[in-house]
Amino acid sequence: MNFLNILQSGFEFSEDEYELRLKYILFNCLIGSNVLLVSIAGLLRFATGNTLQGAVDFVYIALAILIALLARRSQRLFPALILWIMFVSLVIISLTYRFLSSDIAGISWFLVLIITAFYLTEKKWAYILFSLSLLLVIYFSATSEAKNYTAPDIFYGVLPLLVTLVFVQFYERRNTLSGEILRALNVQLKEKVLDTASELSISENRFRNLIENISDWVWEIDKDGVFVYTSPSVQLILGYEPEEVKGFSHRDFLWENDAVKDKGLLVHYTRWGISFKDRVLEVKHKNGYPVMVEVSGQPIFDSEGVFAGYQGVSRDITGRLAAEKTNAELRDQLHQAQKMEAVGTLAGGIAHDFNNILSAIIGYAEITKMDLPTGSNAKENINQVLLAGKRATELVRQILTFSRKNEQKKEPLHVHLIVKEALKMLRSSLPTTIDIRTNVRSENGTVLANPTSIHQIVVNLCANASQAIGNAKGILEVSLDRVCLSAEQVADKPLVDAGFFVLLRVKDTGNGMSEETIARIFEPYFTTKEKGEGTGLGLAVIHGIVEDIHGFIQVESCSGEGSCFSVYLPEVQENLTLVSTSEETTQLPMGNERILVVDDEPDLLDVTEIYLNGFGYSVVTEMRSTAALKLFLASPDSFDLVFTDQTMPDVTGVELAQAMLAVRPDLPVILCTGYTSALSEDEVCSLGIKSFIEKPVSKEILARTVRRLLDDKLKNV
Numbered sequence: 001m002n003f004l005n006i007l008q009s010g011f012e013f014s015e016d017e018y019e020l021r022l023k024y025i026l027f028n029c030l031i032g033s034n035v036l037l038v039s040i041a042g043l044l045r046f047a048t049g050n051t052l053q054g055a056v057d058f059v060y061i062a063l064a065i066l067i068a069l070l071a072r073r074s075q076r077l078f079p080a081l082i083l084w085i086m087f088v089s090l091v092i093i094s095l096t097y098r099f100l101s102s103d104i105a106g107i108s109w110f111l112v113l114i115i116t117a118f119y120l121t122e123k124k125w126a127y128i129l130f131s132l133s134l135l136l137v138i139y140f141s142a143t144s145e146a147k148n149y150t151a152p153d154i155f156y157g158v159l160p161l162l163v164t165l166v167f168v169q170f171y172e173r174r175n176t177l178s179g180e181i182l183r184a185l186n187v188q189l190k191e192k193v194l195d196t197a198s199e200l201s202i203s204e205n206r207f208r209n210l211i212e213n214i215s216d217w218v219w220e221i222d223k224d225g226v227f228v229y230t231s232p233s234v235q236l237i238l239g240y241e242p243e244e245v246k247g248f249s250h251r252d253f254l255w256e257n258d259a260v261k262d263k264g265l266l267v268h269y270t271r272w273g274i275s276f277k278d279r280v281l282e283v284k285h286k287n288g289y290p291v292m293v294e295v296s297g298q299p300i301f302d303s304e305g306v307f308a309g310y311q312g313v314s315r316d317i318t319g320r321l322a323a324e325k326t327n328a329e330l331r332d333q334l335h336q337a338q339k340m341e342a343v344g345t346l347a348g349g350i351a352h353d354f355n356n357i358l359s360a361i362i363g364y365a366e367i368t369k370m371d372l373p374t375g376s377n378a379k380e381n382i383n384q385v386l387l388a389g390k391r392a393t394e395l396v397r398q399i400l401t402f403s404r405k406n407e408q409k410k411e412p413l414h415v416h417l418i419v420k421e422a423l424k425m426l427r428s429s430l431p432t433t434i435d436i437r438t439n440v441r442s443e444n445g446t447v448l449a450n451p452t453s454i455h456q457i458v459v460n461l462c463a464n465a466s467q468a469i470g471n472a473k474g475i476l477e478v479s480l481d482r483v484c485l486s487a488e489q490v491a492d493k494p495l496v497d498a499g500f501f502v503l504l505r506v507k508d509t510g511n512g513m514s515e516e517t518i519a520r521i522f523e524p525y526f527t528t529k530e531k532g533e534g535t536g537l538g539l540a541v542i543h544g545i546v547e548d549i550h551g552f553i554q555v556e557s558c559s560g561e562g563s564c565f566s567v568y569l570p571e572v573q574e575n576l577t578l579v580s581t582s583e584e585t586t587q588l589p590m591g592n593e594r595i596l597v598v599d600d601e602p603d604l605l606d607v608t609e610i611y612l613n614g615f616g617y618s619v620v621t622e623m624r625s626t627a628a629l630k631l632f633l634a635s636p637d638s639f640d641l642v643f644t645d646q647t648m649p650d651v652t653g654v655e656l657a658q659a660m661l662a663v664r665p666d667l668p669v670i671l672c673t674g675y676t677s678a679l680s681e682d683e684v685c686s687l688g689i690k691s692f693i694e695k696p697v698s699k700e701i702l703a704r705t706v707r708r709l710l711d712d713k714l715k716n717v
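Numbering of the sequence shown is given in full-length UniProt numbering, commencing with residue 1 and proceeding in unit increments.
Since the hints were made in silico from the structure, they are not lab data. Don't take each hint at face value.
Straight-line distance between alpha carbons at most 25 Å, and here's what the computed BS3-like set of lysine-lysine pairs gives [to be verified]:
| no. | residue 1 | residue 2 |
| --- | --- | --- |
| 1 | K390 | K420 |
| 2 | K507 | K424 |
| 3 | K379 | K410 |
| 4 | K379 | K390 |
| 5 | K507 | K493 |
| 6 | K630 | K507 |
| 7 | K424 | K473 |
| 8 | K379 | K369 |
| 9 | K410 | K390 |
| 10 | K369 | K286 |
| 11 | K420 | K410 |
| 12 | K410 | K424 |
| 13 | K192 | K223 |
| 14 | K246 | K286 |
| 15 | K369 | K390 |
| 16 | K420 | K409 |
Between the sequences and the hints, there should be enough to build the whole structure, so can you do that?
The following block contains the structure:
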């Protein structure tokens, strides 16, 4: 508002200032007319031969001009006026009796009276003095005492009076009219100024409200980078009040690296006076944490065009950058998931063929084993082949876990058997520089879980430990124990109940982990390994498996001191039938029923036929599903059970089973598959198929499954 007040007052004059201006103009005009008339009188004196009086006139003229110049230079009217009056009076008094002041007296004396009256009072005194002066002139001219005043003297005395009076009258009227016009214009201009001031005030308030309410921080710095203005939004971004920021350099709020870079940039901007846009800087919040801001600025210059600083705006982009980082991580995770999906698709594509190959290997090995004498080296070698086949089967199942969407079936397990089996497999793959120490006791309890999942836990933890040790010498300890946890010990784990747990502990002497890494190791796709060395899914999958069976994992680690993973698996207390991985030594069930076997792989067809013949069954084989259906439809009651592969040309195993069940709903059907993501055991059973097993099918599983279905059929008759 100070600017508006100055703007408004700049167009107004006070009455005293206005009157003084008029008096200056009048003084200069009257002095000028006086000088002009005395000059004419002086010239006439020279023309008539009166050189002395003419010289006196021009001396007077010179002094009068000097007084006028002094008044103009000093801007002081009243002292100049007094000086001029004293000068005129002195000339008249000193030269009258020498008859040398008639021109000055006649022209200037009455003018002195008129100017004095006009300056001191109003114009009416000019009329009064004019009348008195005129009477004095007439009186002096008519009396003998005034014999020195001749007709020219009267003319010289009256003419200035008349000129002055006319000038005063005209000038007063003109000034009155001009004053009215000026006052009217002044009022009009004042109204416009007030309107402009009001509009400026409204605009100023509008922009002030805008600046003070936006979330962006508006600021102004001088040429040295010191804040001279900050909007209230600085409190939202930096935590400071605007008053706390003023007087400080903008570099005081930058992190050290950005402050060093910004110093050079500010010199560059200052030198060339250029603007900048969307510069990203890291600034310090009042509470000490970093804030990322995006800064734009425009240079400002003073009235002489010299750089004076910058005005600009800063925007908090911490959240945006975090979101961009998260989006980038999500894109990487999506890309990784797509790669894993591709791996799963590839695994699913080759699983059928691979399992068919494993089925043939395991099948012929078991057939060969039956013909070998007990205790022979050949039989022991065949046992190693069968063990390798089982490991290969588990490996395929682990690979297929990534592409399966159905929940894996849980079974009561002796964990120590799976741990020992996994460690046997790992010994050949781990570096010889790693000393594997085990403490796995067989008297530990049982857990309800999927065998492949437990196997995966052991393998992944040991593989991670091996990678942590690297090529250096180290120790890998694997132990299995049984512990009891109270309610207080599991109070912070809502999905875990107190009781007995099977404790699997994997400890290594590797590089260890920091607290920040420990806090994130179970996040999907988080990994500390180099690109291409890991997916970051291993521990996330383990964590999901353990949570699914209501267990939990504890991690102890320090950088440079190794790590220890403790996996707590809840023990199953019920008396359940346990699944064992040991070799079956009991007699397998036998039978004499007639079975139709359908498979497009001749090796598997041959192995299955040998198995079933060895169990006492009568077997009919067929490689083509269409031929098998035709054979069955020709005599539906001649077969007691059908064993069919799923993936076959022309007609699939499911389609074949449905066609047969349409004729004989009580027909037991076993569907066997190398791999399919489109089928689950529940879906298959809902179609009326009695059993669904995956390749490779062991001799024991085949014998027990066939006998169970045939016995169930007899019970339902």
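Are any of the numbered hints broken by this structure? If so, which, sorted upward? Result: hints 3, 6, 10 and 13 break, sorted rising.
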